[in-house]
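Produce the complete structure using the sequences and hints provided.
Protein chains: 2
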Amino acid sequence: MIQALSIPNDMMIRKIESIVALSDEERQAIKHLPIKIVDMKAYQDIVNMGDHPTQCFMVLEGFACVYKETIDGNRQILAIHIPGDMPDLQSLHLPFLDINIATLSACKLGFVQHEDARRICEQYPRLATAFWRETLSQSAIYREWIVNNGRRKSYTRIAHLICELKVRLNAVGLVRNNRFIIPASQAELADATGMTPVHMNRVLQELRADGLIKVERSSVSIPDWEALKLSGEFDPLYLHFVNEVA
Amino acid sequence: MIQALSIPNDMMIRKIESIVALSDEERQAIKHLPIKIVDMKAYQDIVNMGDHPTQCFMVLEGFACVYKETIDGNRQILAIHIPGDMPDLQSLHLPFLDINIATLSACKLGFVQHEDARRICEQYPRLATAFWRETLSQSAIYREWIVNNGRRKSYTRIAHLICELKVRLNAVGLVRNNRFIIPASQAELADATGMTPVHMNRVLQELRADGLIKVERSSVSIPDWEALKLSGEFDPLYLHFVNEVA
DNA sequence: CGACCGATTGACGACCATCAAAGGTAGTGG
DNA sequence: CCACTACCTTTGATGGTCGTCAATCGGTCG
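Protein chains in written order, with the numbering used here: chain R, 75 to 320; chain G, 75 to 320.
Wrong hints could be hidden among the right ones.
To be verified - Only pairs whose alpha carbons sit at most 25 Å apart, straight line, appear in this in silico SDA-like list of lysine to any residue:
1. K227/R to A153/R
2. K303/R to A283/R
3. K182/R to E135/R
4. K227/R to G147/G
5. K303/G to G147/R
6. K89/G to A214/R
7. K227/G to N174/R
8. K227/R to P271/G
9. K227/G to Y229/R
10. K110/R to D98/R
11. K115/R to N83/R
12. K227/R to K227/G
13. K110/G to C130/G
14. K89/R to S211/G
15. K227/R to I215/G
16. K89/G to G158/G
17. K227/R to R225/G
18. K89/G to P169/R
19. K288/G to S228/G
20. K227/G to E143/R
21. K227/G to L278/G
22. K303/G to D125/R
23. K227/G to H273/R
24. K110/R to P169/R
To be verified - Some chain G residues judged to face chain R by a derived CB distance under 8 Å, without partners named:
25. K142
26. I145
27. P199
28. S211
29. S213
30. R217
31. R226
32. E307
33. L311
34. H314
Claimed, not checked - Some chain G residues judged to face chain R by a derived CB distance under 7 Å, without partners named:
35. T144
36. L152
37. L210
38. A214
39. I220
40. G224
In case anyone wonders, no lab produced these hints; they're calculated from the structure.
Here the structure is a predicted model, which means the values were calculated and not measured.
Backbone N, C-alpha and C define an ideal beta-carbon position, used for all residues, glycine too.
Next up, the structure:
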């Protein structure tokens with residue numbers, strides 16, 4: 075029971091240790107951070123624009139996405155979040171949310187009260203730095219998405235998105251035998267890349283025909299990583315991973 | 075002389091006080107922060123992708139922009155920075171830069187050594203929070219740009235960009251008589267919105283013809299703010315201003 | 001006055017959106 | 001077990017937004 079309850083804390087420790095080295099004391103502080111586990115089905119809103127959250131969460135299992143909608147009902151997905159991500163960490167310091175966050179698949183989420191997070195940030199400034207850095211590296215991903223959606227053709231754009239997901243999933247151990255899951259429909263990928271589902275479908279067919287990706291249901295494999303990187307003009311530097319270079 | 079040297083520090087104090095309330099001690103800490111003033115001409119790179127900066131800067135006067143380039147040489151402007159902004163604050167915690175930053179006009183910049191910034195952040199956690207918040211609100215702008223460039227037609231997109239600049243410039247007192255300066259060519263505005271200069275030119279003509287903006291050289295005025303907001307689907311919430319509502 | 005840079009215009013074409021319909025697949029219930 | 005449903009994927013046809021190429025215009029500066 076106690077063992078089970080510490081899993082999300084261990085996950086958070088791993089996450090933060092991928093950013094900064096931790097002392098035993100800091101590790102213990104996270105170990106004892108109250109985290110409330112919530113299970114959600116696919117396609118549920120977790121938080122909404124305008125909310126004043128009193129807690130933030132880490133994705134423990136499953137995929138979530140950040141999105142906004144325009145007046146005429148078009149949706150733009152701004153970020154795809156995978157296990158280990160903390161999509162609304164910003165709410166620690168921005169009083170209300172300017173985004174919606176929803177699950178893409180069934181998810182297990184770990185909620186942390188803002189007051190608890192603020193407390194350990196004050197007590198252990200290096201943890202604050204680590205969280206800050208986490209938001210900064212998300213920021214770098216936003217920047218790359220602006221470039222990707224703004225200046226790349228759809229073929230390249232999709233290849234780039236798949237490259238990013240592969241590298242990020244790999245970093246949290248979710249790529250096995252060069253194969254990973256993207257639980258997103260073509261319509262959702264289109265919303266992430268600012269395209270229409272129809273065009274997304276056609277370009278995905280091209281990518282498959284060119285042997286750059288192989289898709290079975292929501293599982294994707296990449297036969298030739300270097301070729302896909304090239305097609306996607308993908309350079310993982312913006313992800314700011316310390317260890318791995320893809 | 076001493077008076078003159080404190081101007082950038084006063085500017086930083088004003089900036090931070092627009093985010094959090096400061097104690098006298100905190101104010102003094104910023105007052106004594108060493109800031110090195112550098113003047114730059116237009117179209118100069120300030121920092122470049124791959125750099126490992128040991129300092130970060132505040133724009134004191136003039137306009138700067140963050141940009142990236144694709145392999146085929148297309149440029150995407152990711153952010154337009156105005157006086158009071160700290161475009162590479164992220165470099166405090168991300169070891170290398172994933173972006174280029176250049177001046178759009180002649181600029182006066184105030185450089186702060188990382189070690190000095192880190193010192194006051196450690197000593198005064200509320201200052202760290204303020205800087206963190208500053209990066210978070212920039213992040214919110216990135217998000218809105220993804221929506222803007224991804225899901226809005228060019229006409230709406232440009233209107234939105236102009237709205238954003240007007241509100242941000244207004245917040246730092248750079249709008250007078252409903253008129254402000256955007257020292258950016260049409261080509262640069264095109265780079266910011268993911269369009270071509272030719273199309274930018276045509277859409278700007280439309281906006282002028284519709285009476286939404288009046289342009290003289292690089293000076294813009296907005297005859298009917300509500301109409302422009304409507305055309306740009308502009309809602310300033312994402313800017314996270316505490317006081318003003320546009 | 002000439003050179004240069006940005007704004008403007010025109011012609012043309014490509015990429016991608018839109019609309020509509022059909023085919024596949026998974027899940028549900030009788 | 002099969003019919004039914006719902007959702008996603010796929011396909012076709014068509015059109016619009018915007019990109020591309022190229023030339024001209026206009027203002028500024030040395």
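Results for each hint:
Only pairs whose Cα atoms come within 25 Å are accepted, and K227/R paired with A153/R is accepted, the gap being roughly 19 Å. For the proposed pair K303/R and A283/R, the alpha carbon gap of about 16 Å is at most 25 Å, so the pair holds. At most 25 Å may separate the alpha-carbon atoms for a hinted pair to count; K182/R and E135/R meet this at roughly 5 Å. Restraint check: the Cα-Cα separation between K227/R and G147/G comes to about 14 Å, which is no more than 25 Å; the hinted pair holds.
Taking the CA atoms of K303/G and G147/R, the gap is near 18 Å; set against the 25 Å cutoff, the hint holds. As the CA atoms of K89/G and A214/R are separated by approximately 23 Å, the hinted pair is consistent with the 25 Å bound. Taken as a hint, the K227/G and N174/R pair is honoured in the structure, with Cα atoms around 22 Å apart against an allowance of 25 Å. Between K227/R and P271/G the alpha-carbon distance is near 18 Å, which keeps this suggested pair within the 25 Å criterion.
At roughly 21 Å between alpha-carbon atoms, K227/G and Y229/R fall within 25 Å of each other, so this suggested pair holds. Pair hint K110/R plus D98/R holds up; C-alpha atoms about 23 Å apart against a cutoff of 25 Å. At roughly 22 Å between alpha-carbon atoms, K115/R and N83/R fall within 25 Å of each other, so this suggested pair holds. At most 25 Å may separate the alpha-carbon atoms for a hinted pair to count; K227/R and K227/G meet this at roughly 17 Å.
Using a Cα cut-off of 25 Å, the hinted pair K110/G and C130/G holds, with the two alpha carbons roughly 10 Å apart. Only pairs whose Cα atoms come within 25 Å are accepted, and K89/R paired with S211/G is accepted, the gap being roughly 24 Å. For the given pair, K227/R sits about 23 Å from I215/G by alpha-carbon distance, which is consistent with the 25 Å threshold. The suggested pairing of K89/G with G158/G holds, with an alpha-carbon distance near 6 Å, which does not exceed 25 Å.
Distance hint between K227/R and R225/G is fulfilled; the C-alpha atoms sit about 15 Å from each other, no more than 25 Å. In summary, the hint linking K89/G to P169/R is supported, as the alpha carbons are separated by about 18 Å, within the 25 Å threshold. For a cut-off of 25 Å, the pair hint linking K288/G to S228/G stands: about 18 Å separates their Cα positions. For the hint linking K227/G to E143/R, the alpha-carbon distance of about 14 Å falls within 25 Å, and the restraint holds.
Simply put, K227/G and L278/G have alpha-carbon atoms about 13 Å apart, close enough for the 25 Å limit, and the pair holds. Between K303/G and D125/R the alpha-carbon distance is near 23 Å, which keeps this suggested pair within the 25 Å criterion. For the given pair, K227/G sits about 17 Å from H273/R by alpha-carbon distance, which is consistent with the 25 Å threshold. Distance restraint check for K110/R and P169/R: the Cα-Cα separation of roughly 21 Å lies within the 25 Å cut-off, and the hinted pair is therefore satisfied.
Because the beta carbon of K142/G sits about 5 Å from the nearest beta carbon in chain R, less than 8 Å, this interface hint is met. A distance limit of 8 Å between C-beta atoms decides the matter here; for I145/G the minimum to chain R is near 5 Å, and the interface restraint holds. Because the closest C-beta pair between P199/G and chain R is about 6 Å apart, less than 8 Å, the hint holds. At its closest, the beta carbon of S211/G sits 7 Å from a beta carbon of chain R; the interface hint therefore holds under the 8 Å criterion.
Because the beta carbon of S213/G sits about 4 Å from the nearest beta carbon in chain R, less than 8 Å, this interface hint is met. Satisfaction of the interface hint for R217/G is found here, the shortest Cβ-Cβ separation to chain R being roughly 5 Å, below the 8 Å cut-off. Interface restraint check: R226/G against chain R, minimum CB-CB distance 6 Å, threshold 8 Å, status holds. Interface hint at E307/G: satisfied, since its Cβ lies 5 Å from the closest Cβ of chain R, which is below the 8 Å cut-off.
Satisfaction of the interface hint for L311/G is found here, the shortest Cβ-Cβ separation to chain R being roughly 6 Å, below the 8 Å cut-off. The criterion of a C-beta within 8 Å of any C-beta in chain R is met by H314/G, whose closest approach is roughly 5 Å, and the hint holds. Proximity of T144/G to chain R holds as hinted, the smallest CB-CB distance being about 5 Å (cut-off 7 Å). With a least beta-carbon distance of about 5 Å to chain R, the hint placing L152/G at the interface is held under the 7 Å criterion.
Using the Cβ-Cβ criterion of 7 Å, the hint placing L210/G at the interface with chain R is satisfied: the shortest such distance is roughly 5 Å. The interface hint given for A214/G is met, as the beta carbon of that residue sits about 5 Å from the closest beta carbon of chain R, less than 7 Å. This hint holds: I220/G has a C-beta 5 Å from the nearest C-beta of chain R, less than the 7 Å allowed. Nearest Cβ of chain R to the Cβ of G224/G: about 3 Å, under the 7 Å cut. The hint holds.
In summary, this structure violates none of the numbered hints.
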